[in-house]
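Line by line, the protein sequences give chains Z and C. Mapping to the numbering used here: the first sequence position 97 is 97, numbers consecutive. So the number in the numbering used here is just where the residue sits in the second sequence, counting from 1, plus 1000.
Keep in mind the hints are simulated off the structure, nothing from the lab. For glycine and all other residues, C-beta sits at the position ideal for the given N, C-alpha and C. Don't take every hint at face value.
Stated by the list, open to error - Derived DEER-like restraints, expressed as beta-carbon distance ranges:
1) C:1211 to Z:44: 31 to 37 Å
2) Z:84 to C:1016: 52 to 58 Å
3) C:1026 to Z:56: 47 to 53 Å
4) Z:242 to C:1031: 32 to 38 Å
5) Z:272 to C:1155: 53 to 59 Å
6) C:1113 to Z:306: 29 to 35 Å
7) Z:69 to C:1327: 24 to 30 Å
8) C:1443 to Z:306: 40 to 46 Å
9) Z:56 to C:1461: 35 to 41 Å
10) C:1132 to Z:142: 32 to 38 Å
What the hints assert, rightly or not - DSS-like mimics (lysine-lysine), calculated; alpha carbons at most 30 Å apart, straight line:
11) C:1050 to C:1340
12) Z:39 to C:1255
13) Z:43 to C:1340
14) C:1380 to Z:297
15) Z:43 to Z:71
16) Z:257 to Z:44
17) Z:106 to Z:71
18) C:1380 to Z:43
19) C:1099 to C:1151
20) C:1380 to Z:44
21) C:1380 to C:1422
22) C:1267 to C:1151
23) Z:43 to C:1472
24) Z:44 to C:1340
25) Z:71 to Z:39
26) C:1267 to C:1472
27) Z:44 to Z:217
28) C:1422 to C:1326
29) C:1340 to Z:39
30) Z:257 to C:1050
31) Z:39 to C:1050
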Amino acid sequence: MAEAQLLPRDLELPLDLRLPRVGAVDAVALEARAGELAKRSIKKGSKLAALDLAIRMMDLTTLEGADTPGKVAALCAKAMHPDPADPTIPSVAAVCVYPNLVAVAKRRLAGSGVRVASVATAFPSGQSPIEVKLSDVREAVALGADEIDMVIDRGAFLSGRYAKVVDEIVRVKEACGDTHLKVILETGELGTYDNVRRASLLAIAAGADFIKTSTGKVSPAATLPVTLCMLEVIRDVHDETGRIIGMKPAGGIRTAKQAIQYLCVLNETLGTSWMTPELFRFGASSLLNDVLMQIRKQRTGSYQSGDYFTID
Amino acid sequence: MAAKPPATRAVPSPLEWEYAPAPEARDILALEERYGLYIGGEQVTPRSRKWFPTISPATEEHLAEVALAGPRDVDLAVQAARGAFEGEWTALRPSERAKYLFRIARLIQERSRELAVAESLNGGKPIKESRDVDIPLAAAHFFYYAGWADKLEYAFPNRKPRALGVAGQIIPWNFPLLMLSWKIAPALACGNTVVLKPAETTPLTALIFTDICRQAGLPAGVVNIITGDGSTGAHLVRHPDLDKVAFTGSTEVGKAIRRELAGTGVKLTLELGGKAANIVFDDCALDQAVEGIVNGIYFNQGHVCCAGSRLLVQESIYEPLVAKLKRRLRTIRVGDPLDKNTDLGAINSRMQLDRIRELVASGEDDGAEMYQPPCRLPEKGYWFAPTVFTNVGQSSRIAQEEIFGPVLSVLTFRTPEEAVEKANNTPYGLSAGVWTEKGSRILWMAERLRAGVVWANTFNRFDPTSPFGGYKESGFGREGGLHGLEPYLRFDR
């Protein structure tokens, strides 16, 4: 496999002189700030608005070896009508599956406005030759994926071969064409917030439309501080270049309360302009039902058992 | 990326997402109509026959009446403290003394919500701060000093520590219960008895504390709380039967106390004003530094003696830093102190608000550039928007005098030497902050900054194990940690 030697010529980040240094992240202060925002108390109308938004931002995900057309079809039905008893509940943003199941999902979701996202590039490890990764992407696009969730080569990143990381993303982006590209950093394997910041900048420089925390296969997956760290990068990039990048925390977000905490961090870091499914997604498989349960609690004043919400 | 120009979509139109009010319930707090003085273990009617109202600075709502102690009341309180010192309290084994302190600490924890609500209601500070900072730290101080009570000889090896006697203690209004614990916990741990005067505008938590003393079964007279105004404090300081005076408050009053006590042999510690430099180097973690700056000056409405009120920014990052800071200011939520989402509460008193306004006006007259984020301040009560001044000269009053409000003055520097020089160029010396990713520079700076506390990549962090106190006009003596025991002890050798 050829090693990338040079950064792309029109690379904007991080080496362009008009940009700030990659910069540093102070872990203690970052976690303190995230912890502070997690304590926001969201009640009544603002809570309902947040829960509704959380559903519209959700990438309902199944990424198992055991996934079948039947399982994906059920998930698609849930994605379109999360609560069949309540027509006011919106559809989720997208369904996220492996490439082999893109066609099934596409067919099931036709005309619904729910998008199909496919993981690719030798998900979840990214430890395959670039040609394999590219053909993975091309196949998923050809099968009808609207969005590609790629993984970066953490092996290359952690060994300091940043150019290889960038080069791969650039080529995946080319292979995507107009298909929306989310770049998964797998922050749980990067070790430090400084690395998360650097990887975010690399991904954005190389053409990511979204940056995403995790595959969901590594623990820890998304955390509030890591999301805050990435949102700060997005904010810096917007300040410096005007480019607008989206964010997707994925993995480990299971409760409505957590989702609201993420929305508070988003709101107080990037502002309400970023509070749209176009620019923020939750990658989650079990979050949806807790959100539905909380909405019903908020509306009726009482909790109902899990049996009143369909499992998929 | 290679092929496509960068996306320059317009940012989508904003979604309206306002946080609904989330007020902390007040019903846990049952206030009496009128509070007497706490002398000799009992609530007593003041001999002065004088009372004054205490209010909520956020709404000017009347909360209760409290006694205004006169000279006769002060005398009775000191006599009660003397009696307890010469009797039961000194006769106790140190480990028994410790038990009372542990008990008080646990009771503060048990009643933390009530205390937090009282603190925010009476002082104007956001409930999240009284709930997460003031009250837990107050309990922590009692826990910490409880541990020392029977180990004083280990704290000072080869010396023989003994209690001083009766301590007169005067505390400020910015952290009422926390300052009370900074004063009472070490004094009691060392075997002294105390007469404490809470600040005129914030007596409520000290009055609730008297009930905690009662619950803890503390022997009568060990703690005496006398409410009142400046005259009460003056009577206390002048009382001839004190062995020790501890004061936290303004430099002006501190100087007067020192003059008063000169030559009397009464031991004195003073914790006074500050004008701390928060020094930001260009290699810092920028977004976290912005958080630290905000915490440094807007925490508790800037009513913090060690507030980072002078921001010294390396000129090479001045513009991005100030831009980030201003944007961050726009997210600060100003309003009802009892709302759990409030970041900046009410100014403590009309008097303090007037002082802030006067200094801010002087800043504008000096030609400094003022920025305040758009925010709607409540009509009733005392409020001041978070404020940043840029283009501030070192000679400007807003760069020299303590404002004690949510007002930050931004100055620049070019080299570490210049930063030290500017930081030290003040009559104060309570605290300082250094923001850099370079460890060696932190140490280099800390060695040269003349301040009692130097924080690195953080600000306004407190812990009972860590001593706190000032240089120069910020006072002398240390509170907290092992050092905090010494002002309450005499040594036979």
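Results of checking the hints against the structure:
{"no.": "1", "hint": "C:1211 to Z:44: 31 to 37 Å", "verdict": "35 Å, holds"}
{"no.": "2", "hint": "Z:84 to C:1016: 52 to 58 Å", "verdict": "29 Å, violated"}
{"no.": "3", "hint": "C:1026 to Z:56: 47 to 53 Å", "verdict": "37 Å, violated"}
{"no.": "4", "hint": "Z:242 to C:1031: 32 to 38 Å", "verdict": "55 Å, violated"}
{"no.": "5", "hint": "Z:272 to C:1155: 53 to 59 Å", "verdict": "55 Å, holds"}
{"no.": "6", "hint": "C:1113 to Z:306: 29 to 35 Å", "verdict": "32 Å, holds"}
{"no.": "7", "hint": "Z:69 to C:1327: 24 to 30 Å", "verdict": "48 Å, violated"}
{"no.": "8", "hint": "C:1443 to Z:306: 40 to 46 Å", "verdict": "56 Å, violated"}
{"no.": "9", "hint": "Z:56 to C:1461: 35 to 41 Å", "verdict": "40 Å, holds"}
{"no.": "10", "hint": "C:1132 to Z:142: 32 to 38 Å", "verdict": "54 Å, violated"}
{"no.": "11", "hint": "C:1050 to C:1340", "verdict": "36 Å, violated"}
{"no.": "12", "hint": "Z:39 to C:1255", "verdict": "42 Å, violated"}
{"no.": "13", "hint": "Z:43 to C:1340", "verdict": "11 Å, holds"}
{"no.": "14", "hint": "C:1380 to Z:297", "verdict": "36 Å, violated"}
{"no.": "15", "hint": "Z:43 to Z:71", "verdict": "35 Å, violated"}
{"no.": "16", "hint": "Z:257 to Z:44", "verdict": "13 Å, holds"}
{"no.": "17", "hint": "Z:106 to Z:71", "verdict": "14 Å, holds"}
{"no.": "18", "hint": "C:1380 to Z:43", "verdict": "25 Å, holds"}
{"no.": "19", "hint": "C:1099 to C:1151", "verdict": "13 Å, holds"}
{"no.": "20", "hint": "C:1380 to Z:44", "verdict": "26 Å, holds"}
{"no.": "21", "hint": "C:1380 to C:1422", "verdict": "39 Å, violated"}
{"no.": "22", "hint": "C:1267 to C:1151", "verdict": "22 Å, holds"}
{"no.": "23", "hint": "Z:43 to C:1472", "verdict": "48 Å, violated"}
{"no.": "24", "hint": "Z:44 to C:1340", "verdict": "14 Å, holds"}
{"no.": "25", "hint": "Z:71 to Z:39", "verdict": "37 Å, violated"}
{"no.": "26", "hint": "C:1267 to C:1472", "verdict": "18 Å, holds"}
{"no.": "27", "hint": "Z:44 to Z:217", "verdict": "35 Å, violated"}
{"no.": "28", "hint": "C:1422 to C:1326", "verdict": "23 Å, holds"}
{"no.": "29", "hint": "C:1340 to Z:39", "verdict": "8 Å, holds"}
{"no.": "30", "hint": "Z:257 to C:1050", "verdict": "51 Å, violated"}
{"no.": "31", "hint": "Z:39 to C:1050", "verdict": "43 Å, violated"}
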